[in-house]
Amino acid sequence: MKKVYLVDDDIDLVSVTKIALQARGFEVESQYDDEDLVDNIRQFNPDAIILDVMFPDDNGAGFRMARSIRHHDDIKNKPIIMLTAVNRDGDFPGKFTDKDIDDIYLPVTRFIDKPVDPDKLAATINELTGK
Amino acid sequence: MNTLRILAVDDEQGMLTGIERALRNLQVEVPDVNETACFEIVTAATGQAAIDEINKQTPDIILLDYKLPDMTGLDVLKTVSNLNPLFLTIMITAYASIQTAVAATKQGAYDFLPKPFTPGDLKHVVRKAAIRQVLAHRARELQEQNRRARFEFIRVLGHELKAPLAAVSGYLHLIHDRDLGEDIAGYDEAVDRSLVRLEQMRKLIMDLLDMTRLESGEKQRRIEPVDLAAAARDALDVVRTEAGERRITLDIEGPGQLEFTADRGEIDMVFNNLISNAVKYNRDEGQVLVQLTPQDDHSVQIRVIDNGIGMTEEEQQRLFSEFTRIKNKHTRNILGSGLGLSILRRIAQLYDGEVSVQSTPGEGSTFTVILRKTPGVTPPTEDA
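So the protein sequences, as listed, match chains H and D. Here the working numbering is used: position 106 in the first sequence is 106, and no number is missing along the way. Here the working numbering is used: position 374 in the second sequence is 374, and no number is missing along the way.
Keep in mind that a hint or two might mislead.
[Stated by the list, open to error] If you want the ones that stay clear, here's a sample from chain H, every Cβ over 12 Å from chain D, calculated:
#, residue
1, Arg64
2, Asp73
3, Asp103
4, Phe111
5, Thr124
[Claimed, not checked] Straight-line alpha carbon distances no greater than 30 Å define the calculated DSBU-like cross-link-like pairs of lysine-lysine that follow:
#, chain 1, residue 1, chain 2, residue 2
6, D, Lys78, D, Lys123
7, H, Lys114, D, Lys162
8, D, Lys162, H, Lys3
9, D, Lys162, H, Lys18
Hint data in this document are derived by calculation from the structure and do not stem from the laboratory. Yeah, the Cβ is synthetic: ideal placement off N, Cα and C, and Gly gets one too.
Let's have the full structure, built from the sequences with the hints guiding it.
Rendered as structure tokens:
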């Protein structure tokens, strides 16, 4: 069973995504903020990581988490999927696409638009982790 | 100090030198906004040189000779008319004919200075134009600040409305897709959480309407004697069930009856916001104490004390901004509009009062509201 680690600040969105992924055959662990993130990922050893963390008062939280994951050799190669919304915060013109990914500032593997289609999310995880 | 840029346009060098000398050390006080303007002077000897200068850097004031070697002052104004609202033109003319004046005004000239003029005449028209420009700058700044504040408010509001929508739509999708299989209790939970988030959205919209009404000043206020003690007891009743479930005790201290001239709806908002926060941000088996203290004949102190989760200094500083909800692992399950304390503060302002908070993380918070009897808030007289 493939393992997915999920970080989202909204308790209901964590529940929803967790249930949807479990129904599609994934084992899911989650947390709500960046506390002990690297250690928790090491311990759970997921096949993929999903981040959706852009609080209104902290747009950069998700990207900081992605960067900290990339700074640790033992977990840095894990695929990171970041959930993004069209112009969600106004500070970013338009939405992020995979073209915006760069190794230093936006070191994620894939962007997925919100609201998230669970089938598409599952397909993306499968694609990035190899069938 | 505001430095206004003046462009002086004249083909007589002596005139330009005279203008520079008269205005170089001039300072204009603008008392309404408590500012002082001083001047930076640039010159041009022909119409074309003036146009080039205006296009290079728009001046605040133009002293424009009507009769220039290559064109008239009117031609200059026509050429740069696209920039016109940004500068004020003072037309200098030897022939102060009515036709010239009318034509120049049509092109947006602000004032006239007939030749010959004294340094005093010049300073007088420049002073008038300068005051107008400083006020216009200030108005544009305020407009820009308002525009930004409005944009920021709507941006965050959008975010706050999208979060519950995303949660509810997520739950509906998982119900639709039967993602929980035969787990009936799981579906119940999904429905319950959806209802909670919808209620949060409703509360946000209601608070937003309250706040807008308070801000617009268009809310119908019904000023009458209100018993604050009764209002406090009513607000405690609203949270009694929730407090009971978490074994939080609710107490009230002070006179059994305390009359204050106010709008009952506003008083209810004060107590409801303070008391619901004291319960929400409490711990199980915590305490909430409401203290009512008449200060003197004219003011009253309302204090709501809890021994709940408390706040750090940094959290306290952000507390009264719109949409601020203290987010940490103790508060993750607590839903709120983030507008309650903004509303509270606006109401306190209506009563010439204030809201303050003292808090220690892990020990609890004390909110203190002072309401004063204000001149605008008087009970209706018998014959009114």
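*asked:* Hint compliance check: list the failing hint numbers for this structure, sorted ascending.
replied: none
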